[in-house]
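J.: Mind docking chain V on chain P? Use the hints.
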Amino acid sequence: MTPDILDETVEVWFGPQHVSAHGWATKLKLVGDFIVECDPHAGYFHRSAEKCLEYRNFRQGSPILERLCMLEAFLAEYPYISAVEQIAGLVVPERAKVLRTIMMEASRIHSYQFWWGQLSAEMGFFAMTLWPWVDREFFLDTFEELTGVRHSPHFSTPGGLRFDFTEKVLAKLEKAIQVLEYNMPKFEDMLMKSPLFRMRTEGVGQYSAKEALRWGLSGPNIKACGIPMDLRKDQPDPNLAYDMVDWEVPILEHPDHPGESDAYDRMVQRFNEVKTSVDIIKQLIPQIPDGPIIDPKARAKANRLPEGEAYGRVEGARGITSLWLKTLEKAQTPYRAKIRGPCFHSYYALKHLVPSARFADFIVIFGSLDPYPGWWDR
Amino acid sequence: MGFLRNLGEVFTILKHIFRQIFKRPFTSLYPFEDRPYPERTRGRHIHVRQNCTACAQCVRACPVLAIRIDKADKMYEKDAALYFDYTRCIFCGLCVDACRFDALYHTPIVDMAEGEREDLIYGPEKITTLDREPLEWRGRRFR
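Heads up: the protein sequence lines correspond to chains P and V, in order. Going by the numbering used here, the residue at position 38 of the first sequence is 38; the numbering climbs one at a time, nothing skipped. Going by the numbering used here, the residue at position 77 of the second sequence is 1077; the numbering climbs one at a time, nothing skipped.
Read the hints as simulated data drawn from the structure, not as lab findings. Bear in mind the structure is a predicted one, so any value in this text is a computation, not a measurement. For glycine and all other residues, C-beta sits at the position ideal for the given N, C-alpha and C. A portion of the hints provided could be inaccurate.
[To be verified] With a cut-off of at most 25 Å between alpha-carbon atoms, the simulated DMTMM-like pairs for lysine to aspartate or glutamate come out as follows:
id : chain 1 : residue 1 : chain 2 : residue 2
1  : P       : K275      : V       : E1033
2  : P       : K168      : V       : D1034
3  : P       : K330      : P       : D295
4  : P       : K51       : V       : E1009
5  : P       : K168      : V       : E1033
6  : P       : K297      : P       : E260
7  : P       : K233      : P       : E260
8  : V       : K1015     : P       : E188
9  : P       : K297      : V       : D1102
10 : P       : K301      : V       : D1102
11 : P       : K233      : P       : E309
12 : P       : K193      : P       : D295
13 : P       : K168      : V       : D1085
14 : V       : K1015     : P       : E122
15 : P       : K168      : P       : E181
16 : P       : K175      : V       : E1033
17 : P       : K193      : P       : E122
18 : P       : K193      : P       : E174
19 : V       : K1071     : V       : D1102
20 : V       : K1023     : P       : E188
21 : P       : K338      : P       : E54
22 : V       : K1023     : P       : E181
23 : V       : K1015     : P       : D237
24 : V       : K1023     : P       : E174
25 : V       : K1015     : P       : D295
[Claimed, not checked] Heads up, incomplete: computed chain V residues facing chain P, CB under 10 Å, no partners named:
id : residue
26 : N1006
27 : L1007
28 : G1008
29 : I1013
30 : E1039
31 : R1040
32 : K1078
33 : Y1086
34 : R1088
35 : C1092
36 : H1106
Same shape as in the complex, but just chain P (with noise of 0.2 Å):
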């Protein structure tokens, strides 16, 4: 009689004090070399967010946002502000809107930047790491001169913006784009052309769009089975300025496995949200108005808000981001506010994804999926 191979397996906690694991945990069954259970555990990140946000008013609450992911800060805090400013009725000033919308893409390729880092020296390809972080940097000096910190900037007020640009910011932020546009191609033939980064990482991971939209994926990950499911385009928001320019949402349709997505794919499809971002950009820069960058008013109609329900949303650079706020009559706090992250369900898509991949690639699997723990764990 042989032995039923189950009997065999070796449980292994990946995280949360491993390197790579930043605040997460995961809980595996290996056979051997192959994983036959993943098994994803939330809530080593948890800092109550939601409930410290029913404890603040409607300014102090986008410092808290923010704070869930820093990578993509300006994003991050954008749904807050915009379900209080639907709840207030708030207008925002044509100047607001557009700088309010070329900070958000810089903010988006900021955050992909880091992730090319993050994901060559999770797989050990420690050359590439640092040179996306050297180009990020000249991200961080434009928020920096815009606001004056490099992370967790608390850019946005409801009604507008606290800072507004100046001719030194408009250099740097060109310049950035600059340095970005040079190096574009060197990245490309790093990581695209690369025989090893290949072979870790084509067929590893694979889903189809049908899984995809069935786990609750959205943003880069959707994309790149060629779902040109974009919240910039499909709910245009009328406080940020998508409408003013000319832009395709970017999608990838592989030649060999067209519907779905390996980790090379999601990989090539930042790299198209990078230049869409950077063409975005471009396009805005000389479209930007005169005018004020908040309403006088604001600051007072934001103190109490009327009872009302509001769902703010924006396609961040995880995929969609989004947040429910309730208030109550004459209220200075939220009643409720609830977080949707977009890593949570990548995050547990893990579940049905990594079975039957090899151990070591399942690192690759998790970093291709662009986490970040700060947004399972509210």
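T.: Positioned in the frame of chain P, the structure of chain V alone reads:
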């Protein structure tokens, strides 16, 4: 042919890496060299007591309860003493926005590490003065 193509691609990558060797280093020797900080840098605060009216708007605006006000401690006609707890402060800048009397500012001092937790609570003497030039704050322990 696959082998030759792979070899060519490996040489493309090696070309990029060798080019990188001859570039200037991007980093700087931090404690000894410093980068310029922009005008809007949100570093530690400075409290101008001459302008302060003890309205406590900064205390209300703070999302993390990092500011404490002592209205009994008066140095001028209507000012108050402020205590900043830098173990809590997140440098969001809402207190400086809230001050309508030009009594609270950010300074470009971002290096404020201390050995003791208590030293990070800036009392009225410490928060109203800059005892050295902003550039001298950096790396003072290393020189």
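J.: The structure should be examined with respect to each hint, and the outcome stated for every one.
T.: For each hint, the structure was consulted:
In summary, the hint linking P:K275 to V:E1033 is not supported, as the alpha carbons are separated by about 35 Å, beyond the 25 Å threshold. The suggested pairing of P:K168 with V:D1034 holds, with an alpha-carbon distance near 20 Å, which does not exceed 25 Å. With a C-alpha separation of about 21 Å, the suggested pairing of P:K330 with P:D295 holds against the 25 Å cut-off. Proximity of P:K51 to V:E1009 is assessed by CA-CA distance (about 52 Å); at most 25 Å being required, the pair is judged violated.
In summary, the hint linking P:K168 to V:E1033 is supported, as the alpha carbons are separated by about 23 Å, within the 25 Å threshold. The straight-line distance between the Cα atoms of P:K297 and P:E260 is roughly 50 Å, outside the 25 Å bound, and the hint therefore fails. With a C-alpha separation of about 22 Å, the suggested pairing of P:K233 with P:E260 holds against the 25 Å cut-off. Between V:K1015 and P:E188 the CA atoms are separated by roughly 14 Å; this keeps the pair inside 25 Å, and the hint holds.
Between P:K297 and V:D1102 the CA atoms are separated by roughly 21 Å; this keeps the pair inside 25 Å, and the hint holds. For the proposed pair P:K301 and V:D1102, the alpha carbon gap of about 23 Å is at most 25 Å, so the pair holds. Under the criterion of a C-alpha separation no larger than 25 Å, the hint pairing P:K233 with P:E309 is consistent with the structure, at around 24 Å. For the suggested pair P:K193 and P:D295, the alpha carbons sit about 50 Å apart, so the restraint of at most 25 Å is broken.
With a C-alpha separation of about 33 Å, the suggested pair P:K168 and V:D1085 falls outside the 25 Å cut-off, and the hint is violated. Taken as a hint, the V:K1015 and P:E122 pair is honoured in the structure, with Cα atoms around 23 Å apart against an allowance of 25 Å. For the suggested pair P:K168 and P:E181, the alpha carbons sit about 20 Å apart, so the restraint of at most 25 Å is met. For the suggested pair P:K175 and V:E1033, the alpha carbons sit about 23 Å apart, so the restraint of at most 25 Å is met.
Distance restraint check for P:K193 and P:E122: the Cα-Cα separation of roughly 18 Å lies within the 25 Å cut-off, and the hinted pair is therefore satisfied. Of the supplied pair hints, the one linking P:K193 and P:E174 is violated, its CA atoms being roughly 28 Å apart against a limit of 25 Å. Restraint check for V:K1071 and V:D1102: satisfied, since their Cα atoms lie roughly 18 Å apart, inside the 25 Å limit. Pair hint V:K1023 plus P:E188 holds up; C-alpha atoms about 20 Å apart against a cutoff of 25 Å.
Restraint check for P:K338 and P:E54: satisfied, since their Cα atoms lie roughly 10 Å apart, inside the 25 Å limit. Of the pairs offered as hints, the one joining V:K1023 and P:E181 holds, with about 18 Å between alpha carbons and a cut-off of 25 Å not exceeded. Restraint check: the Cα-Cα separation between V:K1015 and P:D237 comes to about 45 Å, which exceeds 25 Å; the hinted pair is violated. This hinted pair checks out: V:K1023 and P:E174 have alpha carbons roughly 22 Å apart, not beyond 25 Å.
For the hint pairing V:K1015 with P:D295, the CA-to-CA distance comes to about 53 Å; that exceeds 25 Å, so the pair is violated. Here the hint on V:N1006 is kept, as its CB sits about 4 Å from the closest CB of chain P, short of 10 Å. About 9 Å separates the beta-carbon of V:L1007 from the nearest beta-carbon of chain P, less than 10 Å, and the hint is met. A hinted interface residue such as V:G1008 counts as satisfied when its beta carbon comes closer than 10 Å to some beta carbon of chain P; here the least separation is about 9 Å, so the hint holds.
For V:I1013, the shortest C-beta to C-beta distance to chain P is roughly 6 Å, which falls under 10 Å, so the interface hint holds. Given the 10 Å rule on beta carbons, the hint for V:E1039 holds: about 8 Å separates it from the nearest Cβ of chain P. Because the beta carbon of V:R1040 sits about 4 Å from the nearest beta carbon in chain P, less than 10 Å, this interface hint is met. Among the interface hints, the one on V:K1078 is violated; its C-beta lies about 24 Å from the nearest C-beta in chain P, farther than the 10 Å criterion.
The restraint placing V:Y1086 at the interface with chain P is violated, with a minimum CB-CB distance near 15 Å, outside the 10 Å limit. Violation of the interface hint for V:R1088 is found here, the shortest Cβ-Cβ separation to chain P being roughly 12 Å, above the 10 Å cut-off. This hint holds: V:C1092 has a C-beta 5 Å from the nearest C-beta of chain P, less than the 10 Å allowed. Interface restraint check: V:H1106 against chain P, minimum CB-CB distance 7 Å, threshold 10 Å, status holds.
Consistency with the previously given hints fails for numbers 1, 4, 6, 12, 13, 18, 23, 25, 32, 33 and 34, ordered from lowest to highest.
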